[in-house]
Structures are given as structure tokens and as C-alpha cells.
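*Asks:* Protein chains in written order, with this note's numbering: chain D, 432 to 786; chain C, 432 to 786; chain Y, 432 to 786; chain X, 432 to 786.
It cannot be assumed that every hint is accurate.
Said to hold, decoys possible - In silico DSSO-like cross-links for lysine-lysine, where the CA-CA straight-line distance does not exceed 27 Å:
1) Lys783/C - Lys606/Y
2) Lys465/C - Lys737/C
3) Lys783/Y - Lys577/Y
4) Lys465/X - Lys529/C
In short, the hints are calculated from the structure, not lab data. For clarity, every value in this text was computed on a predicted model and none was experimentally measured.
Number of protein chains: 4
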Amino acid sequence: MSSSYGENIRMTIFGQSHSAAIGMTLEGIPAGKKLDFDELAAFLSRRAPGKNAYSTPRKEADTPEFLCGIVGDTTCGTPLTAIIRNTNTRSADYSQLKTLPRPGHADYTAEVKYHGAQDYAGGGHFSGRLTAPLCIAGGICKQLLKQEGIEIISRIAAIGGIEDEGVLRASTAEKEFPVVSDLQGERMKARIAEAKAQGDSVGGIIECAVLNLPVGLGDPMFGGMENHIAQIVFGIPAVKGLEFGAGFAVSQMTGSENNDAFCIENRTVRTETNHCGGILGGITNGMPLTFRAAFKPTPSIAMAQKSVNLETGEQTELSVTGRHDPCIVPRAVPCVEAAAAIAVYDAWLGRKKEV
Amino acid sequence: MSSSYGENIRMTIFGQSHSAAIGMTLEGIPAGKKLDFDELAAFLSRRAPGKNAYSTPRKEADTPEFLCGIVGDTTCGTPLTAIIRNTNTRSADYSQLKTLPRPGHADYTAEVKYHGAQDYAGGGHFSGRLTAPLCIAGGICKQLLKQEGIEIISRIAAIGGIEDEGVLRASTAEKEFPVVSDLQGERMKARIAEAKAQGDSVGGIIECAVLNLPVGLGDPMFGGMENHIAQIVFGIPAVKGLEFGAGFAVSQMTGSENNDAFCIENRTVRTETNHCGGILGGITNGMPLTFRAAFKPTPSIAMAQKSVNLETGEQTELSVTGRHDPCIVPRAVPCVEAAAAIAVYDAWLGRKKEV
Amino acid sequence: MSSSYGENIRMTIFGQSHSAAIGMTLEGIPAGKKLDFDELAAFLSRRAPGKNAYSTPRKEADTPEFLCGIVGDTTCGTPLTAIIRNTNTRSADYSQLKTLPRPGHADYTAEVKYHGAQDYAGGGHFSGRLTAPLCIAGGICKQLLKQEGIEIISRIAAIGGIEDEGVLRASTAEKEFPVVSDLQGERMKARIAEAKAQGDSVGGIIECAVLNLPVGLGDPMFGGMENHIAQIVFGIPAVKGLEFGAGFAVSQMTGSENNDAFCIENRTVRTETNHCGGILGGITNGMPLTFRAAFKPTPSIAMAQKSVNLETGEQTELSVTGRHDPCIVPRAVPCVEAAAAIAVYDAWLGRKKEV
Amino acid sequence: MSSSYGENIRMTIFGQSHSAAIGMTLEGIPAGKKLDFDELAAFLSRRAPGKNAYSTPRKEADTPEFLCGIVGDTTCGTPLTAIIRNTNTRSADYSQLKTLPRPGHADYTAEVKYHGAQDYAGGGHFSGRLTAPLCIAGGICKQLLKQEGIEIISRIAAIGGIEDEGVLRASTAEKEFPVVSDLQGERMKARIAEAKAQGDSVGGIIECAVLNLPVGLGDPMFGGMENHIAQIVFGIPAVKGLEFGAGFAVSQMTGSENNDAFCIENRTVRTETNHCGGILGGITNGMPLTFRAAFKPTPSIAMAQKSVNLETGEQTELSVTGRHDPCIVPRAVPCVEAAAAIAVYDAWLGRKKEV
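Isolated chain D, as found in the complex:
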């Protein structure tokens, strides 16, 4: 099922942008795990819109209501369901989407796939708003991993071609604009502001690392860590590329350059470099699991664009009004962490069956 993910846990996301509510169900979480709801709220707030100049001014009441699966603050072994009410809906903004598909959006493909019955208001199930329940599930998994000593960190690696500098570290994610180099961060913000002023938008790259993983998570073939992570990360709207470790750069390297030499550190097997991104044969090798995801520029732009009228077949022009992020990347950072957390926690539980 396309709205579900996971083998050892199972997350199901439901809701449309303008339906009564959106939410998620998480099955398979062991009983007796404590959750910190303040920490979860703080995690969700990193994704929330309306906080600054480079995100949409829309306000979303992203406080989840937990319907079940917990007793007090502790999981009880049954499916966890949490919902978020859709309150700030402005359906009038979206009336033309059915006949006049926005370039870069799913309006046209949804119209054909669902033969006209799709919920087109606000992008329906395709809306970036659906990453809120993803972050609920991911925020929970992130906490459960943290209880096992596993950390997930991330940063904006690039926006509009402007790259961050320096090495990703845990404190980076705490920042309001999560880059290592604040100077580069200012340049990125200026690039976003420039695009916004032009009625345009920009894309970027997010880098993520999972730290302190045990050796042995993941499987060969289609159950590799790359496969698992890819399957969920490409579920974040706007992701068009994904690479692990040195990624596409490996295509230009020789084996002697790319192979990560084994060594011993503190009586532990490590590698001197980490071009493989902590994954060998689909399986974690104890080094940081690292990946980068490429985000396309927000397709909703104020500038005039060419489209066609699906009813008349006529060529026409379109300008997307409404409140949109000129760059989705800053708000997508916790979404990437969430996706990684869910994939890794799934593999973590799966590992237990192997003895």
C-alpha cells in the first residue's frame, strides 16, 4: 500500500491537505517504551511553517492528538494513532487545479489516475502537509533510537547551488537555520529571498547522518539500508535524487581511492574513510550512515507558467497564487531525519530476529 511503510514496524499516513484531519498509525512499536511529548513537540516545530521569511506565512496547528497506543507516556503494544486537525483551510485558493494543472505538481497525474475523483483542494494527499504525520512517526522512532544510543543529525548541505562548508555535527541540527557555516547560511537565505522577490523558488540538498549504529543492520539485496532509506526518503515530496556516502562521486573514483581501508580504533573495527556511507552489502558497518537527498525547487511559484486546460485542450498561462515556501529545504530537514529514523528503527527491530 502506497501510504504505508515498513516491515518490522508499519507506518500508515492518512489525510488530505483539506480533509477533516491528517494523521498516522504506527504498528509494531514494542510495549513499555517511554515517549517524551515535549521533545516530540520540539521536533515537530522544526517542520512547522510560518516562522520566518523563507517559509510560507500559513500557520498550521501541528499539535498532534494521540488517540491510542499509549497509556500515559508509555507505549502499550498496540497501534499508535495520532491526528492533526486541518483548521486553517482556504479551499477557495485551489478551485482551478482540476482543469488547469500546475507544472511540477501532481494535479495532472492525479486527475488521470483517480479519473477525476481526487481531492484536489490544497494538493490533497500530495500536499507537503502530509509530512507532518511523517514527522510524528519519525520523531517517535528518533526517540526510541536515542534510547538505544543511536543519534540522527542533519543539515542543509546546499540551497540554490550555494554549498554549506565544514563537517556536519550534532549541534548543527539545533540551529534555527541548520548549516555548519553561518556565513554560507546567510548566502543561502539571500538566495531564497531573491527567488521569492522574483516570484520564483529554489531547490537544495539535505545531508543526514545516523551515528552509533551497531554493525549488522540491514540485509543484502532489496533489504539493504540503502533500499530501506530510499523507499521512504523518495516519499518526501520534491526529492529527486539520493546518494549514500560519496554517492555520485564514486563514479569518478578508482577502487583504490574509493575502498575504505579497515583499521582498528579502540579495539573496534573501523574504516579510515567512509566513502561507503557506513553501508557495505546493504549492511551497516559501524561507521556513520550518511546520505544526501536532492530537493527540487517548490513548484508553486507566482511567476507565469505555461499549462494546458484539460477540458478544452487549449494552451494557457498559469500563476500560482496563495502562500507557498520559496524554498522547502529548511522545513524538510526534520522530514529527512524522520524518514531516516523510521527506516533505521525498522531495521533495528528486524535485527533481533536473526539470532
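Go by the hints and put chains C, Y and X onto chain D.
*Replies:* Just chains C, Y and X now, kept in the frame of chain D:
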């Protein structure tokens, strides 16, 4: 299960490099479909080793034996199983893998994961040899898609940083060295020969396109065409990056540049450009579905490399002997087509449930 | 995942008896299907408690709120989620369940499985209340099947050893007490009343039939109609036996008696008898699909029972207070229909992939 | 997929009665488990035909060849595949099945489902012969459970209405004709001989028990032990009914009779009776897990039967020639054990994820 893939069909790959046989089972293929076994043999031969200077001199008897699932040349609705006997095994080559893990290989991660019980001979289940059954399954799906008018084509896009030039077309895949520009192809071959002479290896990029797709295959969220394709393509050993359409380049574009304008051609909705790679919201839009996969250089190299002795914990040196491809990319081209064919055929069948 | 069911559609049930809400998500329903919410409400009311002398006097506000998956009264292709708030909770009734497990209930097995973290109030996720979301999903599937001409009917076949008489027909299910023979129905009610007066309870059998099925639904092996139906029907609390067609009686028959002879009726292949319950080799043969499910007597009884104190290990006595059905069978009739509807609709959609 | 089973392990069965081979793949078995191939052969021989007067005189070379998944006698963590060649095929016996469907068989439903492309020789994928790979998988799982101290035993509970007497014990399964009462066993054999002499067949019931289970296997709802076992047991051809513990008899009991009182034995929580068959809320309670499966009489009988000609639509008569078991029940005993072993081992592994 890590060796299985698919939702509407289900492929399971089994076997180790030096076990009695390797093979695959394909469930869910409709009954009454004609298969062309000569065409399948031709497809498999594109992956076979030992054909030229830039692949391993090992000979593999890659002729599959079909055990069931067909009556004559026609599917009968039950699982199709085909096996390939492992005949040309030289176990003596691999005796040191258990204590002396090869950099870039899964020797170490498998040792930990399977607590010493893994089949390490020839890389076991992690061997590139396991792509032979992938190609059987993919070759079948490719034929079934062709019966519906859908074509899958591919090429070597780059090797060792040397890029192909020109536009991918159907005839490219027919070539013995599948590049558009034969001049660039010669340069790539020279780069491979150079690496081989140095006891080294090189990586590269494969580009693939699926043509004549109907609008509406794939789903939002985790069932998108990107997710489906990623889940299987990362199962091909050595893939470390994957991008759709303009891929990582979208991170440097503005919305007005990246958005593909809708237009009408021959009374059909098309887009003027195809930066989205034929996928909007996870769903095919009728344009060619395009993606590129980055392959790391073959980790097995003759040059000396640093490793550790897992028993003694001592730092040591290692030189991988045996017969290895200095560049896996040429032989991986049909594997990428196979993976795409399986993912797309799965989505093709899934589409039928939606009315 | 244990709270989910289905291959072509996927139903997930969530909630505990005394959590904020219970509910269900149904993925995979095609877009553009009209739902009749009045009909659904009527279906759900057949399961509702508090209506008469032989069910619990508890009132449950079983009106589902649909959160998403529909636009107006029409499915839009995304997951349907509906919830029911838990309002009439009396947690004080259940305080002793954790240390003093009720015989016939899951109190003890849950305590061990969830290592003390289970939600024991009201039986938690094991409560019969969780059949309400099952009936929402089943009521929807029943409507979708009806749109295809397929009907599902059922009756109370026996209670406390008193058997209904006559042949099951569509009108039976409309009755407030769904039996063919009202005389036998009165005897059943008297048996329930007698048990209630004694602080005891009684079990029974429910018979269900699916009419107008096409030939060809279901699959050999583990995807047979029997397997699919069994997997969901045993998910209804209290079911301890299931039989198809002549069921256990076939064990006493000869092949010549049991084999259903083929014949032609109205130019259609039929069978003269229907001992196979409309299923041959797991696949529907066009005759009515019939099955019977055995329900154990409600384990919650006022009579004193022996149990043990899990903390002290002492033998003790227990009397279950609170409001309980002396016989769950009448209210379970729509649950059985719901389960059948979900299983059959899943097979219905799966059939479309086979051409 | 209909030929696959399992959530934590995954068994896939392939092959048709007269294809080149039949076989099975078992994914998810942990690495490092020792298998006893002599014990497996002994287990398989309990299912083999041709041993005595009450089974078919066909000889089947049921010796499995293991293709992969093991190194020596030890699992290596990759999929286990074993095949059995089909040698003793007599295709001429089956020429009329396509147009003249045998009553009680899947000939007609397969013809419609696979629109004429099914492999009808010998019943194809519907043949009882496909229980041989089920027994390979089950024999392996039985050994793995035994290594954990869990035993699976079974017996013929009834044939043709003649019931076994006495209590099932471990030694019963060792017998060539596995009944507790040899006297009743002789009566059953006489009943089979009688049916055979008449060109007819008889059905029966098999009882199975799983001993020494820990408390806590299985899940609520659709992941209960009943659901898991039902899903696989109904995959054994000819099973038309299934009941757990007291089964259908619970429908005639009161709660005070049926509820199993908790007690303490050897400092362990037990129940005085075991009407629930060791399962409460879908979860094992530490008592023996018991169930009974009803088998229909072999549909292949020499006596003349009514059928229709699918081509001409004419009513006709049919006599099934060839070598068939007059009663399948004795040979089905290990199949039931195999099914139980697979289901229980799957739950055993799943239990590990819950902490």
C-alpha cells in the same frame, strides 16, 4: 524479506556464488503470456562475463533452466522458477575472506551479521553473480511490458568521469558497448584498460529510460515510481546513488527553470521539458521515465590494500587475487534495465486494481 | 502487522477500549466509489449494544467520524480513516485485571506479552469494542461489493446448542434477531435469558453466505478464499472454529457423497449440491460461498471463577462485574458479514491483476 | 502472493505436478542453525505415497536437493531453496481434464481463472504433490522449534466417522498409522479398504498439538495464532474445517463450563482445562496449542460421476482413472505438523521484536 521484491508480482532471488545453484521465483505473472526464450537468452548474454577485455575472464554458464510456471512457452499462472547451476566454482580463491575482510566488500558486515556462519565463498549471496537471476526476472518483465508497447532502454552515461555524449535512443542498448558516442566509448574503454593495468578499477553511471508509459502508474507517498525503482535498483551491488530526471541538478535550479511546462502534442498532454523524469507526485505523466544510477568502482582490486585480521585484531595488507571486472558498469547495464522492468511491470499490474 | 489485514486493500484497526478513540484506515479503495452513509449507519447499528435484553446495557456512540479518504460521499483514492470517540468509559470497573486475570480473557497473555505495559482498561485492544471499526471497514466493502452485484447474508445458526431451522435467505439478516425460524429464535433467546439469570453466558454459531460471486476469485495454496476468510474471521474475538460448505461433516462422507456434481443451469456451469461451499482449489466456482463460525460463550460472567493472583501466586476467586453480553452471537452477526466483505472485496480487486 | 506464507520467515512454494520440478524457498531463517538431514528425510517419508494398501501406489522420489541457504549442514542466513524433480510423470492420464472437469477438483475453477492457460496435467499447482515442499519447509521449522524445546505432535482423530480414542501423546506420531487406539486404527483401515473396493474414498480429521510453547506468541486481531495457523492449514488441499481447543463444541457450552480456570503448577501459571486450545486473545498461554482440521474425502474416485463438457455444454459422466489415495488423511498428518511448525516458528521469531 530482503531477497524478495514486489507488491503485485513478487520476485525472490536465491543462491550463493558457490552454492549448487542460484535462481529466482516470480509470482503473480498472469496466465497465458507468451515468453520468447531466445530473446531472453540474448538479454542475459548482455550481462554474461568473459566476453571481452574489460570484464572478468570467468565463464559463467548462464543458461537458466525453468522448473515450473510455464507450459511450453506460455505462463500458466503459477510461480515461475528458473535456476542456473554454479559450475565454474573455484573455492580455493576465497579462503582468507573470513578473517581478512576485503575493503569495499561485505565480508566484515556479513561476518558480524551472520555471526560467522555466512557462506563467504565467492561473496556468497552478496556476489554480483546474483544479478543473473535478477536479469531472468527482469528479462521476462521486459518482454511482458513490450507486449503492452512499453520499452526500456539504457546506456553507459559515464565511466571514470568520462561522459557519453548525445541523446539516449533505443538502438544504443543493442551495441556491444552501449554508448551513444562511440568516440567517448573508446575513451571509456581506455580508462578501464588503464585501471586494469594498474591493478585498479573504475566506477561509472548508467542511464535508463522507460518509454511509452501510460499516465497514472505509481502512487503518492511510499508507492511512488521513484520509491519502487529505488528499492530494487539499490539491490544491484555497487549502486551508491540514484536520481530521476534532472536529479541532483534540480537542487541548483529555480522553480521557473525546473517546472516542466504542459503542452499539447498530437492531442495528448505532454511537457516541453522532462526535468521531472516522467514522474509527478510519484505517478507517471506519460513522458519518458528517466533515471541514472551511480556505480562504485569494483572493490576487488589487485593493488595492495589495508585491512585488519578479525581474529588477531592486527592491521595487515591484502591483495585481492582472482578474476574480477576492472569495471562492472558495462555488464550492469542489463541489470539496471531488468530492475526497471520489474518495478514498472509491478506498477503496471497494480494500476488495474484502481477502477 | 497484527492489526492490519489485506493484500489488495489494507485495513488497519487501531484503538483500545478506553483510549481516546478507536478507528480504522482502509487503503486501496479505488477512487470514485459512492458510499451511502445512511446504509453504513444502519449496518453499524446491527452491532451496537444496549438495544435489548440479550446484550449489554452499555451504550456506545458508534457514529464514525470520517477524517479523510472521501470528498463528499465519494472515495478519492487516498486512505479512508474513520474514528469513533470512546465516551462512555468506566475505568473503575477494570482495576483488578492486571493482577487477577479473568479466565477465558487475554488478561494473562497480555500481561506477559507486553511485560506489564498493556492497556488493561476494558480489555484494551482485545475488547470486542474493536469490532466496531471492523464493521466500518466491512460495511464499506459490503457496499462496494453490492455495486458489483455481490451480496453477503448471514444468520444465527445456533445458540447454546439450539439450532435454527430452514434455509438462509437474504431477508433473514434484516430481522432484529436474525434467524430463519422465529420459533427457534425464541428458544435461543430463552436460553440466553436463562444463562443471564444464572450469571452465566452461552456461545453459538453464525452462518454466512456470499452470493453472486464470479468464478475465479481466490488462489491456490495460501491465497485461497478459505485462507483469506479464515485470517480475518479468527480476528473476531471468541471465534474458535471455522468451516466451509459441509465443513467438519465432510470428514464422515465418502467422495461420491461429498463431490458436487457439475451441471448446466441457464447455460451456466453450476453444481447440484454445494458441499464445497462454493470454493474449489481455493477459488470460487460461482456457487454461494458459505461458511460457519463457532463463537465461544462470553468469558465475562458474574459467577465466581477460579483464578490466580499474578503478584502473590495465590489461588483465588474472581467474579466479573460490569455490563457484559450474556451471549455475543447476535451482535457478532454483522461482524462476520463485515469480515467476509473485506476478504471478498480484497479478492475481487486482486482478480483484476490476472489478465 | 498466494504461494507464499509468513511474516517473519517467508516460505514460497513453486512447481506443478508434472513440471520439471517442485520446490520451496524459505527466507528469514537465522544463520548458524544446524539441520539434521536424516531427520528431515524421515519426516518426509511419513508423507510419501506407495507405502501401503491405503495410499496411492505411485512412487515419488521425494528426496529434496538443497540448492542454497546452507553451508554443510548449517544455515548461512540466505534463502534456503530445495527442489524435488518430477520423474514419475504420466501425462497421458490427465488428457481430459481441460474439457471435462472432475467434481470436487479445481479443474473448472482453474480453467476459468487462468482462461485456459493453466497446467492441468496432474492437477498442476493444485496437486497434493505440492505438499512435499510444504513438508520440507515444515520439517526444517520443526527441527528449529525442537532446538528451542518446542514439540509438535499429531494423530488421525477420525476417518470416515470412526474416531480414535485416548489422549494424544508424542509417541503416537511415530506409528506407521498414527492413532492412539490401534483397535480404532484397524477399524479406520477397514473403512478405507471398503471405500477403495467400492471405487470410492473417505475423509477424516487430524488433531495436532504444539507443546512447551512460551507464553506470549501471537498477537491480537489478525495476527493471532489461530489466524496464522488457519492461513497455512487451509492451504493444505482438502481441508474444509478448522477448530482450536474445544472448537465447535464451545458453541454449546456456557461460559462457566468453557472458561479455563487459572491455577498454579510448579510455580507456573496454568489452566485446569484447555478448552481455549492454549490461545487467549490470539496469544499463547503456555498450555498445549491444540487444533483439529477436517479433510474431505479424496475427490478422485473410480465411481462414475456427473460432470459437464465445458466445450459443448453437454451433461456427461466421468470416472477418474489413475492411481489415487482412497483416503488422504494418513499421508496428510505430517503436512499438518509441517503447517503448524511453520506458523509457530514464524511467531517465535516475531516475538523477539517485542522487547
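*Asks:* The structure should be examined with respect to each hint, and the outcome stated for every one.
*Replies:* Outcome of the hint check:
Restraint check for Lys783/C and Lys606/Y: not satisfied, since their Cα atoms lie roughly 38 Å apart, outside the 27 Å limit. For a cut-off of 27 Å, the pair hint linking Lys465/C to Lys737/C is broken: about 52 Å separates their Cα positions. Annotation: proposed proximity of Lys783/Y to Lys577/Y holds, straight-line Cα distance about 17 Å (limit 27 Å). Taken as a hint, the Lys465/X and Lys529/C pair is honoured in the structure, with Cα atoms around 20 Å apart against an allowance of 27 Å.
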